[in-house]
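Protein chains: 2
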Amino acid sequence: MALTLYHGEPAANSLKVLLGIKEKGVPFESKLMNLHKFEQHEPWFQAINPMGQVPVLIHDGMVINESTVINEYLDEAFDGPALRPADPYGRAKMRIWTKFVDEYFCPALSFIGWHHMIKNITDKLTPEEFEEKLARIPLKEQQDKWRTSAKQGYTQEQLDNWGRQVKTSVERMEKQLARTEWLVGDQFTLADVSCYAMAYAMPTRSPQLLADKPGVTRWHKAMSEREGTKAAMAMPNPVRETLEAARAGISSTLR
Amino acid sequence: MALTLYHGEPAANSLKVLLGIKEKGVPFESKLMNLHKFEQHEPWFQAINPMGQVPVLIHDGMVINESTVINEYLDEAFDGPALRPADPYGRAKMRIWTKFVDEYFCPALSFIGWHHMIKNITDKLTPEEFEEKLARIPLKEQQDKWRTSAKQGYTQEQLDNWGRQVKTSVERMEKQLARTEWLVGDQFTLADVSCYAMAYAMPTRSPQLLADKPGVTRWHKAMSEREGTKAAMAMPNPVRETLEAARAGISSTLR
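Chains as they are written, first to last, in the working numbering: chain A, 1 to 255; chain B, 1 to 255.
Check the hints yourself; a few may be wrong.
A pair counts as met if it fits within one copy or between any two copies, since identical chains are not told apart.
As the list claims (entries may be wrong) - Once the Cα atoms are required to be at most 27 Å apart in a straight line, the calculated DSSO-like pairs of lysine-lysine come out as:
no., residue 1, residue 2
1, Lys99, Lys145
2, Lys167, Lys24
3, Lys145, Lys124
4, Lys151, Lys99
To be clear, the hints were calculated from the coordinates, so they are not data collected in a lab. Keep in mind it's a predicted model, so treat the numbers as computed, not measured.
Here chain A stands alone, though its shape is the one from the complex:
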């Protein structure tokens, strides 16, 4: 059996799959990509994933992209602890959470992070180098995101709106976690994995978001103490410096 995971640093969607694979306990070959050096847009990687995005899982030649889809695949294809409820209604509740993360929580956080981080990346490039890197991005939406963030930046109104969406996301989590141990009741599931991949840095980067959230605070601590989380967070982080440099900006948007 050959299992290879192409992924970035343990944050956001790459963290989501690293958490999934470590919780499942499946041995895999890690292929770490430096996203801030645009490795995911290189022709050799686009031959693997034409979208030019990580994470990508390759299992005996079968290529799977999309972090949420990969995590359900890992749970279906391998033995190990179940990461999804055994009953259809539980799985439906889990999927409503993972979908909410993908369509609402993650995009809001991603735009905020991008806005505060991109200049640290692109300032090291000449305008010609920047355009050359940009031209290689296969998805027009991603090109637009890079160009807007690197040039004029997003407007305060846009940032405020994404900040509100992040707050709404944490409130939605609190509503559930005030009542149950995990997001889908008494079982740890991929819903927790998806949300933690977004919220992992909140206690240090945006503690104000958790100030009146005892449920999320308790859950975050329980998540952080899991062996799977520790193993995932211990994966190499080639862009830690750039992430740290963006910390104050992200924190101020999420005030």
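Guided by the hints, dock chain B onto chain A, whose structure is given.
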């Protein structure tokens, strides 16, 4: 066993679940909502789904929202023809399609439809009635969408961008359907259901989109001839007139 489906006319996300439930062949009680009369925002309905959105499935008291999640639930919880591949890799490929519809294809179509349709709905209201209806919408994103569409409308640049995304979606379908009978190979799945719920009206409303797409054209015909599709499309449509009135506008954006 009690199975109730709250849904709108057979179009977009309501059509998606009507196709799923008819293909599965499960008897259900239909609760038709008139979305153009804002019934989904009524307090009695928000008591069922706080998001104020259809479709919603209630199975023996268990409430499930989100059309894509409902369709996987129907396939997992009931006997009948399998609507998903039996192997994990096939299911992963199916979920990449259903996710793509939810995050890319559907939003683009939805904004275009809204832009051309909303005035037919809101022109019948006084400004006070409009504000009153608006205030009842629980999701801020939906409020914004209604307000922007009804007042100034979206910009040509936004409409062009969504039009491009719809074209990209159809091209992506063609790339697959030029090679295989259905979107995930030789088995009809929820991937086909999700895409048809978006593309059902294309041959009549935007034939130019299918002009050089033999794969999608063949697939659309095969989809339209399925008994499940015929049964779903035969469900009552209380807003047909409003949809028809928007037809020319939508068609011109998708030229």
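Tested hints:
no., hint, result
1, Lys99 <-> Lys145, "both (22 Å within a copy, 20 Å between copies)"
2, Lys167 <-> Lys24, "neither (30 Å within a copy, 39 Å between copies)"
3, Lys145 <-> Lys124, "within (18 Å within a copy, 39 Å between copies)"
4, Lys151 <-> Lys99, "neither (31 Å within a copy, 30 Å between copies)"
When held up to the earlier numbered hints, the structure conflicts with 2 and 4 and fits the remainder.
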